[in-house]
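Based on the sequences and whatever the hints tell you, model everything.
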Amino acid sequence: MTVYNPALLKKEDLIRGFVARQGFLDRLLDDMRREGPSTAPQHHLLIGQRGLGKTTLLRRLAYAMEDDPALAAAWMPLVFPEEQYNVASLGDFWLNCADALSDALDRKGDRAAAEALDVRVRSVPADRAGRSAAALAILIDEADRLQRRLLLLVDNLDILIERLDPEQEWEFRRVISEERRLHFIGASSRVLEAFYEHGRAFYDFFQIHELKGLDDGETFALLCALAEQAGKPDVGKLLREEPGRIRTLRLLTGGNPRTLVLLFKVLAEGGDSDVQRDVEQLLDLYTPLYKARFEELPAQAQQLVDAMAIHWDPLTAADLTGILRPLSVNLVSAQLKRLEDAGVVEKAPWFGEKKAAFQIAERFFNIWYLMRASRRVRQKLLWLVKFLEAWFDREKLGDPPADITLAQLLTLAGRWSEAVPLLDQLAAGETQSTGLFQAVVKTGHVSEALAILERAGADQRCRPLYEALRAVEAGSPDYLRRVAPEVRTVAMEMLREIAPDLR
Amino acid sequence: MGWPAPYYLQLVFHELRNVTGAISQADVDRAIEDLLGPQHRNYFDYWRQRLFEELGLLDAGYAIAVLNAACHAPDGVPRPILSQVLAPAIGEPGMREEKLRYLLDVLQNDGYLVEENRRWSFRSPLLREYWLRRVAPDGEHA
Numbered sequence: 001m002t003v004y005n006p007a008l009l010k011k012e013d014l015i016r017g018f019v020a021r022q023g024f025l026d027r028l029l030d031d032m033r034r035e036g037p038s039t040a041p042q043h044h045l046l047i048g049q050r051g052l053g054k055t056t057l058l059r060r061l062a063y064a065m066e067d068d069p070a071l072a073a074a075w076m077p078l079v080f081p082e083e084q085y086n087v088a089s090l091g092d093f094w095l096n097c098a099d100a101l102s103d104a105l106d107r108k109g110d111r112a113a114a115e116a117l118d119v120r121v122r123s124v125p126a127d128r129a130g131r132s133a134a135a136l137a138i139l140i141d142e143a144d145r146l147q148r149r150l151l152l153l154v155d156n157l158d159i160l161i162e163r164l165d166p167e168q169e170w171e172f173r174r175v176i177s178e179e180r181r182l183h184f185i186g187a188s189s190r191v192l193e194a195f196y197e198h199g200r201a202f203y204d205f206f207q208i209h210e211l212k213g214l215d216d217g218e219t220f221a222l223l224c225a226l227a228e229q230a231g232k233p234d235v236g237k238l239l240r241e242e243p244g245r246i247r248t249l250r251l252l253t254g255g256n257p258r259t260l261v262l263l264f265k266v267l268a269e270g271g272d273s274d275v276q277r278d279v280e281q282l283l284d285l286y287t288p289l290y291k292a293r294f295e296e297l298p299a300q301a302q303q304l305v306d307a308m309a310i311h312w313d314p315l316t317a318a319d320l321t322g323i324l325r326p327l328s329v330n331l332v333s334a335q336l337k338r339l340e341d342a343g344v345v346e347k348a349p350w351f352g353e354k355k356a357a358f359q360i361a362e363r364f365f366n367i368w369y370l371m372r373a374s375r376r377v378r379q380k381l382l383w384l385v386k387f388l389e390a391w392f393d394r395e396k397l398g399d400p401p402a403d404i405t406l407a408q409l410l411t412l413a414g415r416w417s418e419a420v421p422l423l424d425q426l427a428a429g430e431t432q433s434t435g436l437f438q439a440v441v442k443t444g445h446v447s448e449a450l451a452i453l454e455r456a457g458a459d460q461r462c463r464p465l466y467e468a469l470r471a472v473e474a475g476s477p478d479y480l481r482r483v484a485p486e487v488r489t490v491a492m493e494m495l496r497e498i499a500p501d502l503r
Numbered sequence: 001m002g003w004p005a006p007y008y009l010q011l012v013f014h015e016l017r018n019v020t021g022a023i024s025q026a027d028v029d030r031a032i033e034d035l036l037g038p039q040h041r042n043y044f045d046y047w048r049q050r051l052f053e054e055l056g057l058l059d060a061g062y063a064i065a066v067l068n069a070a071c072h073a074p075d076g077v078p079r080p081i082l083s084q085v086l087a088p089a090i091g092e093p094g095m096r097e098e099k100l101r102y103l104l105d106v107l108q109n110d111g112y113l114v115e116e117n118r119r120w121s122f123r124s125p126l127l128r129e130y131w132l133r134r135v136a137p138d139g140e141h142a
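Those protein sequences? They're chains A and B, same order as listed.
Residues in the first sequence are numbered from 1 upward in steps of one, following my numbering.
Residues in the second sequence are numbered from 1 upward in steps of one, following my numbering.
All clues given are correct.
Which residues of chain A face chain B? A partial, calculated answer using Cβ under 8 Å:
hint, residue
1, Phe195
2, Tyr196
3, Asp204
4, Ile208
5, Lys212
6, Glu346
7, Pro349
8, Trp350
9, Ala356
10, Ala361
Don't read these hints as lab results, they were simulated from the structure.
On a predicted model such as this, the values are computed, not experimentally measured, just so you know.
Glycine residues also receive a C-beta, built at the ideal position from the N, C-alpha and C atoms.
Here you go:
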């Protein structure tokens with residue numbers, strides 16, 4: 001099973017494994033069916049982090065168009081290598097299109113046409129203007145000869161755009177706006193100013209689709225489909241019987257389809273283990289990639305990423321400087337900017353002050369880093385894993401134990417001092433009772449409850465609950481912006497239960 | 001003037017009161033231009049200030065980024081572009097979507113923006129012109 005390089009997958013394997021974004025694919029195909037030679041073309045841009053399925057989607061779209069007789073008669077989809085590092089000018093890009101077209105003809109068995117195209121490509125002049133015009137003319141002539149429009153499915157459009165100067169950007173826009181024989185669907189892992197800044201060539205030019213991680217329902221559907229295809233009924237059974245385990249893993253992986261495919265491998269090989277083991281094995285599969293990516297960073301950037309990943313929660317440049325002393329705030333800010341540009345770090349809203357906070361952009365990398373850190377740091381993550389699984393499976397637990405009910409009743413009856421010893425006991429375990437803490441909030445004992453949780457170490461062991469109570473104390477759900485997204489999601493769910501009126 | 005905000009209509013009429021004879025289009029244009037001049041800045045500054053009062057510093061910064069994007073486009077901006085405008089400040093797509101939904105609700109309810117044909121534009125062309133001249137060029141960005 002290829003995970004990192006969809007280009008290496010056989011057509012039938014890619015089609016079989018394509019489950020998660022079927023609805024979106026159908027919408028794109030409908031759009032393509034509506035594209036007539038006389039209608040204004042609507043070009044598309046897919047934006048999403050690595051692993052969210054952009055490359056697979058572009059390839060799946062090409063296959064779907066080839067397999068649909070009406071679309072295949074009207075269109076010739078062209079796929080490209082994931083990165084076009086050879087592009088220095090627009091002419092180079094048109095030449096890559098000609099190369100992709102030659103590949104497509106060759107694949108269809110029309111070797112003579114492919115060779116004729118290659119011969120024409122070799123005659124393209126070297127000078128920039130001549131090169132662009134000649135390469136484009138080859139493409140257009142070939143589209144005319146084939147009596148089909150060319151659909152350019154361009155991955156990593158950000159790399160391409162950054163290699164064009166503004167004049168070439170406008171020329172690119174002009175060609176794909178006016179030339180009805182070319183149609184464009186691009187993908188980018190980064191948001192570029194060129195796409196949203198007024199006055200830039202590609203402002204309001206593409207229909208933008210931002211790909212997000214899969215939600216719980218989509219995750220179950222993907223894993224079920226993979227289990228069925230691979231003939232692994234044990235995984236199907238596990239999905240039905242242990243939804244909490246799967247929801248925990250979805251939350252930690254951010255619903256990233258690539259990671260979920262790897263998760264399926266883990267579940268298929270060791271379905272009888274537990275969620276902690278699943279996480280460990282999944283992270284192990286990512287180790288070569290993440291290690292290489294981390295080691296590519298300069299030493300000082302590594303220091304910053306290390307501090308941010310270990311801190312886990314978002315933090316401001318000033319807080320980060322405090323951790324990285326004696327580095328100056330200016331130096332830290334400059335490094336943060338570089339890491340942000342490289343997509344390693346992202347900004348996040350902060351609570352309480354007009355400051356931006358920063359966090360590691362790829363959340364599963366942060367999880368990986370935590371697991372490789374010291375025992376105490378790792379323990380924080382393992383506590384969360386355990387907490388999440390219990391939270392997602394709470395319906396299985398039935399009625400709360402008697403001491404929780406008693407503590408809740410005592411609190412509501414105004415007998416707080418009698419409830420405290422019970423709370424002390426509960427905090428030593430892994431309490432999640434939202435009913436009890438709703439009573440605590442109602443009767444105004446939040447600060448005391450927080451102190452009890454801290455005393456028992458439950459501020460780390462039951463962190464989502466602790467942070468939900470901190471949000472009550474701060475008087476706003478926005479307080480949870482200060483907390484790592486993996487903790488925040490469940491803390492927010494708990495907050496809605498313990499303080500439903502807090503807005 | 002687009003949206004007939006009574007207060008601004010009144011100000012335009014006030015500017016036109018000294019015109020003798022029939023009022024021409026040029027007189028109206030001149031009156032509007034005068035209204036947008038730096039001497040009358042405070043007629044409109046309220047729209048910017050109240051963002052800070054209602055939304056707080058951080059969210060007002062995001063709202064201004066959205067309005068800055070909208071003021072450049074008389075025919076409106078599609079929502080996905082507004083989301084991209086906020087992307088440098090809010091990386092997580094889910095959190096950004098939630099924030100954008102909230103901001104657009106506020107900006108629509110408070111009369112800044114309207115949505116038409118899935119594009120967001122200033123409700124009042126006069127306010128858009130003010131925003132373009134006085135806020136967007138050196139305005140705060142998210």
